[in-house]
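Chain residues, written in single-letter form:
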Amino acid sequence: MRKFEERFFKALMVISIITIISVLFYILFIIVQKGFPSLSWEMVSKVPSGGYYLGKEGGILNAIVGSLLLMVGSVIISLAISLPVALYINFIIHKSSKLSNLLRFTFDILFGIPSIVYGAFGFMLMIYFGIQASLLGGIIAVSFLIIPILVRSIDEVAGFVPKELIEALQSLGATRFEILKVVVKQIAPGITTAIILAFGRGIGDASTVLFTAGFTDSIPTSLSQPAATLPLAIFFQLGSPIAEVQNRAYSAALILTVIILALSLSARFINSKISKSNL
Amino acid sequence: MLILTLFCLLILVIIGSGLLVKSIPILQEKSLWELLATSNWRPFKGDFGFLAFILSTLYVTFLAIIIALPPSFLASIYFSEYANERIKRFFSPVVDLMAGIPPVIYGVWGMLTVVPLISERIAPKFVDFSTGYSVLAGGIVLSIMIIPIIISILTEVFNAIPKSTREASMSLGATKWETIKKVVVRKSLPGIIAGVVLAISRAFGETIAVLMVCGNYTDLPKTIFDACYPLPALIANNYGEMMSLPSYESALMFSALILFVIIVMFNAASRLVLNKINSRYQL
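Chains P and A are the protein sequences, given in the same order. Residue numbers for the first sequence follow this note's numbering, beginning at 1 and rising by one. Residue numbers for the second sequence follow this note's numbering, beginning at 1001 and rising by one.
Where hints are given, some of them may not hold.
Said to hold, decoys possible - To give an idea of the interface, some chain A residues facing chain P are shown, with a C-beta separation under 10 Å as derived from the structure:
{"hint": "1", "residue": "Leu1036"}
{"hint": "2", "residue": "Ile1151"}
{"hint": "3", "residue": "Leu1252"}
To be verified - No farther apart than 20 Å at their CA atoms in a straight line, the calculated lysine-lysine pairs in the PhoX-like style are these:
{"hint": "4", "chain 1": "A", "residue 1": "Lys1163", "chain 2": "A", "residue 2": "Lys1276"}
{"hint": "5", "chain 1": "P", "residue 1": "Lys185", "chain 2": "P", "residue 2": "Lys95"}
{"hint": "6", "chain 1": "A", "residue 1": "Lys1276", "chain 2": "A", "residue 2": "Lys1187"}
{"hint": "7", "chain 1": "A", "residue 1": "Lys1088", "chain 2": "P", "residue 2": "Lys273"}
{"hint": "8", "chain 1": "P", "residue 1": "Lys3", "chain 2": "A", "residue 2": "Lys1276"}
{"hint": "9", "chain 1": "A", "residue 1": "Lys1088", "chain 2": "P", "residue 2": "Lys3"}
{"hint": "10", "chain 1": "A", "residue 1": "Lys1222", "chain 2": "A", "residue 2": "Lys1125"}
{"hint": "11", "chain 1": "A", "residue 1": "Lys1176", "chain 2": "A", "residue 2": "Lys1187"}
{"hint": "12", "chain 1": "P", "residue 1": "Lys10", "chain 2": "A", "residue 2": "Lys1182"}
{"hint": "13", "chain 1": "A", "residue 1": "Lys1187", "chain 2": "A", "residue 2": "Lys1163"}
{"hint": "14", "chain 1": "A", "residue 1": "Lys1163", "chain 2": "A", "residue 2": "Lys1182"}
{"hint": "15", "chain 1": "P", "residue 1": "Lys10", "chain 2": "A", "residue 2": "Lys1181"}
{"hint": "16", "chain 1": "A", "residue 1": "Lys1276", "chain 2": "P", "residue 2": "Lys98"}
{"hint": "17", "chain 1": "P", "residue 1": "Lys95", "chain 2": "A", "residue 2": "Lys1276"}
{"hint": "18", "chain 1": "A", "residue 1": "Lys1176", "chain 2": "P", "residue 2": "Lys10"}
{"hint": "19", "chain 1": "P", "residue 1": "Lys181", "chain 2": "P", "residue 2": "Lys163"}
{"hint": "20", "chain 1": "P", "residue 1": "Lys10", "chain 2": "A", "residue 2": "Lys1030"}
{"hint": "21", "chain 1": "A", "residue 1": "Lys1176", "chain 2": "P", "residue 2": "Lys3"}
Read the hints as simulated data drawn from the structure, not as lab findings. The beta-carbon is built from N, C-alpha and C at its ideal position, and this holds for glycine as well.
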């Protein structure tokens, strides 16, 4: 009887795992199956033409470029904030001091705040400072979203830097700045993974850019112009009653999924390299 | 560096107080009770009752947890207690990838598969008519989105139980299964609860995916096959028009404030528990 119970639950566990894995593959399958037929070179190489939203020619290059520009901007800004913070809590003050732990706790909470709240807050800031829905507005909102991700992941790799290395550097008379330079070099692959993670989270998020980045059919040429983004391109095109436009939404979804898959794979690849070289 | 760091500490306060300032006009106009406990939603007549949205959010979240918890719980036990290296190496990227897929993709999938499944197969057995855009659809899509969160936290929690505790139980004659049931799971209970709370708060704030499959209808849902309208979807859908009415804008900021407060509290509580677990066993 006791054996039976264990076997029964073990079977349930295996079933759960198989179900979870198959759901993932089912989702990917549906996206590929629906998105592939309408996928064309035109989709990724042209901006929408006049009658695009009625099913005529054009593509979503505006959204692809918009999303990329947005993410490059946000990653630069948020890295400029999160790298110093992560280094500060690990190397300037003691790793497990009260302030460090308070900061980690804060970032854990910030990490949990939904993107719609960041979007609303970003929008509020924009009204306050008189910024229109624009690439800049989107960059600010997305930066809020990914700063906690960057800090948490950089903090994690920074924790692995051996104490002996810091001590050795100190005994050689290195200044604080020189020590940090060595540390950054040491954890560079980890920072890269963190950036990829943040990039993936940001590029797929619709709620932050919904009110902050706006939407446009052209490619933005300055920070003050609105920018189209991939998730919103999917979202808006799905709302159309015209079948061709909906089909393009599915291909846009496929494009976004491929980007996410590529990012996820490259993060894994870098990670496996780190663990090989460090351990 | 210090300034940047302190700035980050303040972000939470800044967001919270910003949203609060923006929602003061509506709070002055209406009582809190009127806002939270009535479901009259006619912004252009000045009626702002959030009850339908709050209930929608609760229903969808509750359903999502009910659906997601059992398989994630079982999978995490298997993952931390039974799985060999090969299964781990295969399964952990799967979880990572599930966590990485953008909400809008889950929404597209939900519209393509879950919604028609409900309107054509499931709903006709229980109710006369359903479009499929419903509480149930939202719950199912959301449940898949929170599975990776629950699994990663639970696995961490189970792994935090030291090997010696397990060995002590085994040496007293307990089988592996009894050890899991009576020692590992029981000792992990606070962590499990914290993980679920964290998943709840994630589900609470999820916007686009839920918005795409929930129907966004402002009446109170009577069955799980009725359309509903969660809070985040309300904010997302009405941003364009709200600018025309100051009290409307204030009402939406108030709903963002509700989300913010609930989520910060849930997150803070569960992180405190999880941090305690980690520090107790690691040092």
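Consistency of the hints with the structure:
Annotation: Leu1036 (chain A) was flagged as interfacial toward chain P, and the flag is violated, the nearest CB pair being 18 Å apart, outside 10 Å. Given hint, Ile1151 (chain A) at the interface with chain P, holds; its Cβ is 8 Å from that chain's nearest Cβ, closer than 10 Å. Here the hint on Leu1252 (chain A) is kept, as its CB sits about 7 Å from the closest CB of chain P, short of 10 Å. Taking the CA atoms of Lys1163 (chain A) and Lys1276 (chain A), the gap is near 18 Å; set against the 20 Å cutoff, the hint holds.
With a C-alpha separation of about 19 Å, the suggested pair Lys185 (chain P) and Lys95 (chain P) falls inside the 20 Å cut-off, and the hint holds. Distance check on the hinted pair: Lys1276 (chain A) and Lys1187 (chain A) sit about 13 Å apart at the alpha-carbon level, within 20 Å; holds. Taken as a hint, the Lys1088 (chain A) and Lys273 (chain P) pair is honoured in the structure, with Cα atoms around 18 Å apart against an allowance of 20 Å. Pair hint Lys3 (chain P) plus Lys1276 (chain A) does not hold up; C-alpha atoms about 35 Å apart against a cutoff of 20 Å.
With a CA separation close to 25 Å, the supplied pair Lys1088 (chain A) and Lys3 (chain P) exceeds the 20 Å bound. Restraint check: the Cα-Cα separation between Lys1222 (chain A) and Lys1125 (chain A) comes to about 16 Å, which is no more than 20 Å; the hinted pair holds. At most 20 Å may separate the alpha-carbon atoms for a hinted pair to count; Lys1176 (chain A) and Lys1187 (chain A) meet this at roughly 15 Å. Restraint check: the Cα-Cα separation between Lys10 (chain P) and Lys1182 (chain A) comes to about 16 Å, which is no more than 20 Å; the hinted pair holds.
At most 20 Å may separate the alpha-carbon atoms for a hinted pair to count; Lys1187 (chain A) and Lys1163 (chain A) meet this at roughly 13 Å. As the CA atoms of Lys1163 (chain A) and Lys1182 (chain A) are separated by approximately 15 Å, the hinted pair is consistent with the 20 Å bound. Straight-line distance between C-alpha atoms of Lys10 (chain P) and Lys1181 (chain A) comes to about 12 Å, which keeps the hinted pair within the 20 Å bound. Between the alpha carbons of Lys1276 (chain A) and Lys98 (chain P) the distance comes to roughly 14 Å, so the proposed pair stays at or under 20 Å and holds.
Only pairs whose Cα atoms come within 20 Å are accepted, and Lys95 (chain P) paired with Lys1276 (chain A) is accepted, the gap being roughly 17 Å. At most 20 Å may separate the alpha-carbon atoms for a hinted pair to count; Lys1176 (chain A) and Lys10 (chain P) meet this at roughly 12 Å. Taking the CA atoms of Lys181 (chain P) and Lys163 (chain P), the gap is about 15 Å. The hint holds against a cut of 20 Å. Of the supplied pair hints, the one linking Lys10 (chain P) and Lys1030 (chain A) is violated, its CA atoms being roughly 55 Å apart against a limit of 20 Å.
A distance of roughly 10 Å separates the Cα atoms of Lys1176 (chain A) and Lys3 (chain P); the hinted pair therefore holds under the 20 Å criterion.
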